[in-house]
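**Q** Take a look at the letters that make up each chain.
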Amino acid sequence: MSASERTPFKNPVIDWIDRRLPVFTFLNKEYGAFPTPKNFNYLWNFGAIAMVMLGVMILTGLFLAMNYAPSTDHAFGSVEHIMRDVNGGWLLRYMHANGASFFFIAVYIHVFRGMFYGSYKEPRELLWILGVLIMLIMMATAFMGYVLPWGQMSFWGATVITNLFSAIPVVGPSIVEWLWGGFSVDNPTLNRFFALHFLLPFVLLGVVGLHVAALHVTGSNNPTGVEPKSKKDTVPFHPYYTVKDLFGVTVFLIIYALVVFYAPNGLGEPDNYIPANPLVTPPHIVPEWYFLPFYAILRSFTIDIHLPFTSFVLISSKLGGVLLMFGAILMLLVLPWLDRSPVRSGCYRPWFRLFFALLVVDCLVLGFIGAKPPEEPFVTVGQIAAFWYFFHFLVILPLLTKFEKPRPLPASISDAVDAKKIVLLLALLLGVSATAQASESNVLPPHRPMAGWPQEGAFGTFDRAALQRGFQVYKQVCSTCHSLKLLSYRNLADLGFNEQEVKAIAAESKVTDGPNDQGEMFERPARPSDAFVKPFANDQAARAANNGALPPDLSLIVKARHGGEDYIYSLLTGFGLSPTHGEKIAEGMTFNPYFPGHQIAMPPPLQADSVTYADGTQATIEQEARDVAQFLTWAAEPKMEARKQTGARVVLFLVLFAGVLYLLKRSFWTRVH
Amino acid sequence: MTSSSQEPCCGVCTCGAKTDQKGQDRREFLAYTAGAMGVAGAAATLWPMINSMNPAADTLALSTTEVDVSGVKEGEALTVMWRGKPVFIRRRTGAEVEEAQKVDLTTLRDPQSDAERVKASSFNGQERPEWLVVVGVCTHLGCVPLGQKATDPHGEFNGWFCPCHGSQYDSSARIRKGPAPRNLDVPPYVFTDATHIRIG
Ligand code: FES
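Residue numbers (the numbering used here), protein chains in the order written: chain A, 105 to 777; chain B, 3 to 202.
Hints listed in this document are in silico derivations from the structure and should not be mistaken for laboratory results. Fair warning: there could be bad hints in the mix.
Examples of chain A residues lying across from chain B (beta carbon under 10 Å, computed) [unchecked claim]:
id, residue
1, Arg188
2, Asn191
3, Thr774
If you're wondering where the values come from, they're calculated on a predicted model, not measured in any experiment. Where a beta carbon is used, it is the ideal one built from N, C-alpha and C, also for glycine.
Construct all of the structure, not just a fragment, from the sequences and the given hints.
**A** Take a look at the structure:
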């Protein structure tokens with residue numbers, strides 16, 4: 105840009121800088137005066153939304169990384185340390201974990217928008233390809249990020265996904281060992297995943313830069329797919345789209361905030377609150393929701409393909425699945441050449457529109473199947489859906505190019521009528537897909553106590569008296585077998601105990617400390633800063649004392665089980681029933697219809713009057729179960745009240761902000777409409 | 003694109019804002035409100051991130067250390083960790099105490115009497131000036147001064163000597179010479195019985 109083209113700025117400081125480094129001229133050209141089609145609908149917000157989410161992820165991730173320890177011994181604990189002890193750490197972690205989901209929501213809508221309006225077509229092919237690359241990098245980043253908390257799903261997800269590469273003939277196994285840095289997913293794997301998870305977002309940022317640069321060369325597509333013909337068809341990017349994007353971003357953030365503050369674990373799997381155990385695979389492994397369609401495609405390939413008339417396996421079902429899964433994404437790279445219809449926008453292509461809707465439904469079906477166990481009828485449905493996915497791109501799109509007769513295009517953007525219906529359709533479908541979460545089992549569904557839970561709902565808080573009673577039950581009953589190692593005695597101040605009481609409670613337990621000056625370990629009374637003393641020195645001792653069964657740590661039990669506190673309550677009150685289906689109960693086991701497999705090694709833990717409550721509450725089994733379930737809910741998430749209170753403020757602020765932005769947006773746009 | 007007939011709607015750029023005065027005022031008001039809310043929202047979002055770098059709850063809870071000093075003989079010293087820093091516990095000889103008490107406070111850079119510095123060492127109402135407890139971190143730039151062992155240099159004032167830039171502390175750990183601005187800090191501590199100190 106030569107200096108002569110520069111329009112001087114009124115502000116002397118800005119002008120001084122701009123004469124030497126024309127950043128302001130650049131900003132004005134690309135984001136100020138940049139002529140932009142005036143007919144964007146709200147689907148055009150999702151590029152900006154995705155960008156904001158990337159920013160949120162990088163920022164929260166940076167501060168999480170400062171508190172995270174990438175080692176198999178400490179990873180799980182350090183995440184819980186962030187959740188419990190780091191200032192605002194729970195907020196950062198929930199923002200980051202759910203931010204990944206919302207980043208994917210934004211990007212997927214952005215991609216489908218591009219597909220419907222033909223934004224990949226000449227001259228925007230490279231723009232589209234860069235976008236597909238962004239999605240690929242995102243997926244790799246998200247996958248590695250999910251490994252970092254080192255829960256059961258992290259570990260087994262990492263195992264399954266890295267094993268995909270073993271399908272590659274000849275070199276596969278060596279590649280997998282190279283990925284692992286060992287013979288299984290272990291410490292070296294975790295370390296490199298952390299390093300890469302930190303690096304890739306910046307690579308992503310670089311590619312986003314290219315994506316945006318390419319966009320500013322070709323200019324944006326628009327709902328008509330007709331290039332702007334005159335100044336009448338465009339508006340300057342600022343203020344029209346800055347304010348519209350801001351409004352869209354804020355509305356999106358409201359939904360994001362509702363999930364972060366009121367359902368932060370809704371999109372996650374309870375199993376990931378169980379520390380990674382290389383010896384036990386969870387009964388039902390599912391990837392995060394945003395990978396489900398691809399996971400379904402992976403599993404849809406169930407036969408070996410032989411060389412004709414021989415038994416030589418050309419493509420094993422394992423390799424076939426892997427090829428299909430990667431193919432499903434890589435195929436998008438050549439989409440501009442599969443669909444060569446000169447008409448961009450689906451609004452003017454009656455058949456394309458129909459098949460596009462089918463494709464969206466197909467992807468949702470694939471997502472639904474991905475969450476189901478590999479059983480009939482899901483396998484067959486998944487195979488049909490996977491077939492259709494490829495059929496759409498490889499056969500239907502080329503055929504449509506040839507045979508479809510598009511409706512006449514408007515002469516210019518200004519002449520076109522906007523199709524708002526497609527926005528509604530997409531929103532509706534995405535809403536439907538969000539509810540497709542799977543949970544099935546052979547056990548009795550847990551139920552809740554008659555009185556419900558005081559901590560439920562957007563404004564629910566813990567009942568301090570119940571927590572104290574529940575703690576008493578834990579201490580006098582549960583703690584003989586179950587540890588609560590993520591809690592420290594100091595945390596009991598939350599239950600309403602004062603400093604002296606906390607000290608006294610701590611001092612009742614002995615901890616081993618040392619070595620002292622003589623090099624010997626010694627026992628001393630626990631202090632408030634000590635973690636809860638464990639009933640057994642190690643897992644082996646715990647098993648030995650419990651008939652070979654390991655009593656699980658209870659710190660996260662409510663978050664680590666489907667059904668949460670309802671499950672705990674149901675399990676504790678579900679003893680004493682007799683088997684209804686004639687199940688044989690093994691020696692030393694007890695029947696409990698709420699426990700997976702219906703037999704549990706734990707003998708009925710609660711009796712009426714197992715404890716004597718200081719506040720005079722009658723200690724029935726129901727009462728004890730209800731109290732201890734509340735205590736364990738608190739133990740699993742001591743910051744729940746802070747979360748809901750912060751949430752109310754954040755959501756209120758965002759709603760007001762969105763309101764102001766809406767009015768502002770309207771005040772500008774009235775001039776255009 | 004930026005013709006002079008267009009009025010600016012913000013400081014940096016120009017855009018095609020052209021309506022009547024009332025609409026203009028209303029828009030300006032909305033724009034400023036939105037701007038202010040945006041700045042406030044961004045700041046409120048950044049705060050938890052910045053605050054996450056402050057000491058965490060478990061770190062704060064660990065801020066006391068209990069020390070058994072029964073093994074420390076007269077003229078000896080003990081170094082313990084408190085909040086990740088060394089704390090010097092010195093059982094001074096009578097001569098050292100006397101020397102520390104004799105110093106003319108007006109000659110000191112950071113005037114403080116020895117009695118003031120060992121006030122917390124008293125137990126059961128009995129003063130015990132032989133116990134000096136200070137944070138072993140030079141108030142200049144944070145090095146750990148030498149002088150805990152008999153074989154260490156003690157400086158010209160029979161106390162501690164900081165090897166980094168030559169600060170010298172006396173037998174009450176007061177700064178006497180060199181660049182450090184303050185005496186070695188006295189941490190909060192109490193004798194829980196005659197031979198146990200709780201620091202913090
Ligand atoms: S740090 Fe001790 S003299 Fe500079």
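**Q** Let's test the interface hint: is any C-beta of chain B closer than 10 Å to that of Asn191/A?
**A** Since the shortest Cβ distance to chain B is 5 Å, the answer is holds.
**Q** Quick check on Arg188/A please, does its C-beta sit within 10 Å of some C-beta on chain B?
**A** For Arg188/A, the interface hint holds, since the closest Cβ of chain B sits about 7 Å away, which is under 10 Å.
**Q** Does the closest beta carbon of chain B sit nearer than 10 Å to the beta carbon of Thr774/A?
**A** Hint on Thr774/A: holds, closest Cβ of chain B at ~8 Å, below 10 Å.
Going through the hint list in order, the structure satisfies each hint without exception.
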